[in-house]
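Knowing the structure of chain U, use the given hints to seat chain E on it.
Chain by chain, the residues run as shown.
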Amino acid sequence: AQKVTQAQTEISVVEKEDVTLDCVYETRDTTYYLFWYKQPPSGELVFLIRRNSFDEQNEISGRYSWNFQKSTSSFNFTITASQVVDSAVYFCALSEARTSYDKVIFGPGTSLSVIP
Amino acid sequence: DTGVSQNPRHKITKRGQNVTFRCDPISEHNRLYWYRQTLGQGPEFLTYFQNEAQLEKSRLLSDRFSAERPKGSFSTLEIQRTEQGDSAMYLCASSVTGLAGADTQYFGPGTRLTVL
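As they're listed, the protein sequences go chains U and E. This note's numbering puts the first residue of the first sequence at 1, with every later residue one more than the last. This note's numbering puts the first residue of the second sequence at 1, with every later residue one more than the last.
Extracted from the complex, chain U is given alone in its bound form (with noise of 0.2 Å):
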């Protein structure tokens, strides 16, 4: 069963608009890590942010933002005033204690095109 689902396959939004991607995750673990990355055209997974299960807060590194709801097990990312660099596939990732955090889970990946 999959265990990251990234329900939007393809956004296109306009450039200086704002985008949220949406992750949500399934995991019978209580000690999990969360994480986003980018993989631009070159094909380079670029590491954006980790987060363990037992930090809920909020985090904003200049125009992105990770909203992170244990609730509703989902860790949404908002790219604020998007630009055409923005354009990537953006994945969310799992990595379980049970299975010591070796393994990481990617979602499916959400296509991102910022059109100028």
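Calculated directly from the structure, the hints in this document are not laboratory data. Treat the hints with care, since some could be wrong.
Claimed, not checked - The calculated lysine-lysine pairs, modelled on DSS-like cross-linking and capped at a C-alpha distance of 27 Å, are: (1) Lys-71(E) with Lys-38(U); (2) Lys-11(E) with Lys-38(U); (3) Lys-57(E) with Lys-11(E); (4) Lys-3(U) with Lys-103(U); (5) Lys-71(E) with Lys-11(E); (6) Lys-57(E) with Lys-3(U); (7) Lys-57(E) with Lys-103(U); (8) Lys-14(E) with Lys-103(U); (9) Lys-57(E) with Lys-14(E).
As the list claims (entries may be wrong) - Restraint ranges, calculated between C-beta atoms of paired labels, are given here: (10) Glu-17(U) with Thr-104(E): 37 to 43 Å; (11) Glu-17(U) with Gln-41(E): 24 to 30 Å; (12) Gln-84(E) with Ser-100(U): 31 to 37 Å.
Each residue gets a CB set at the ideal place from its N, CA and C atoms; glycine is no exception.
Positioned in the frame of chain U, the structure of chain E alone reads:
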């Protein structure tokens, strides 16, 4: 600090041939991971090493696949008797084991394999 490097970046081979990919992790990273990514999907875990020990192998890793990390530094992934279904991007990642919790994995640019 240089990132994870992978060679070659692209490989085209004929069905039935053997191929070998190389991954050089970030220096002093003791963990090294291999993933496979097919078009439109997120990366799927294949195997990982802690130093030179291979600690986990996915069921995706058939008998035709073998990975090594002989000196705990670079790693090789070999696919024997390639099949068209092996066509994918093969990603390598590395991390350094922290005090607790999940490591952050840093990815290389990948090797794109095309089996004709």
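Cross-check of the supplied hints:
1. Between Lys-71(E) and Lys-38(U) the alpha-carbon distance is near 31 Å, which puts this suggested pair outside the 27 Å criterion.
2. At most 27 Å may separate the alpha-carbon atoms for a hinted pair to count; Lys-11(E) and Lys-38(U) meet this at roughly 24 Å.
3. Taken as a hint, the Lys-57(E) and Lys-11(E) pair is honoured in the structure, with Cα atoms around 23 Å apart against an allowance of 27 Å.
4. Of the pairs offered as hints, the one joining Lys-3(U) and Lys-103(U) holds, with about 12 Å between alpha carbons and a cut-off of 27 Å not exceeded.
5. The straight-line distance between the Cα atoms of Lys-71(E) and Lys-11(E) is roughly 25 Å, inside the 27 Å bound, and the hint therefore holds.
6. Our distance criterion of 27 Å between C-alpha atoms is met by Lys-57(E) and Lys-3(U), whose separation comes to about 19 Å.
7. Proximity of Lys-57(E) to Lys-103(U) is assessed by CA-CA distance (about 10 Å); at most 27 Å being required, the pair is judged to hold.
8. Of the supplied pair hints, the one linking Lys-14(E) and Lys-103(U) is violated, its CA atoms being roughly 31 Å apart against a limit of 27 Å.
9. For the hint pairing Lys-57(E) with Lys-14(E), the CA-to-CA distance comes to about 26 Å; that is within 27 Å, so the pair holds.
10. At roughly 30 Å, the beta-carbon separation of Glu-17(U) and Thr-104(E) lies outside the given 37 to 43 Å, and the hint is violated.
11. Between Glu-17(U) and Gln-41(E) the Cβ separation comes to about 27 Å, which falls inside the hinted range of 24 to 30 Å.
12. The given range of 31 to 37 Å is respected by Gln-84(E) and Ser-100(U), whose C-beta atoms sit roughly 34 Å from each other.
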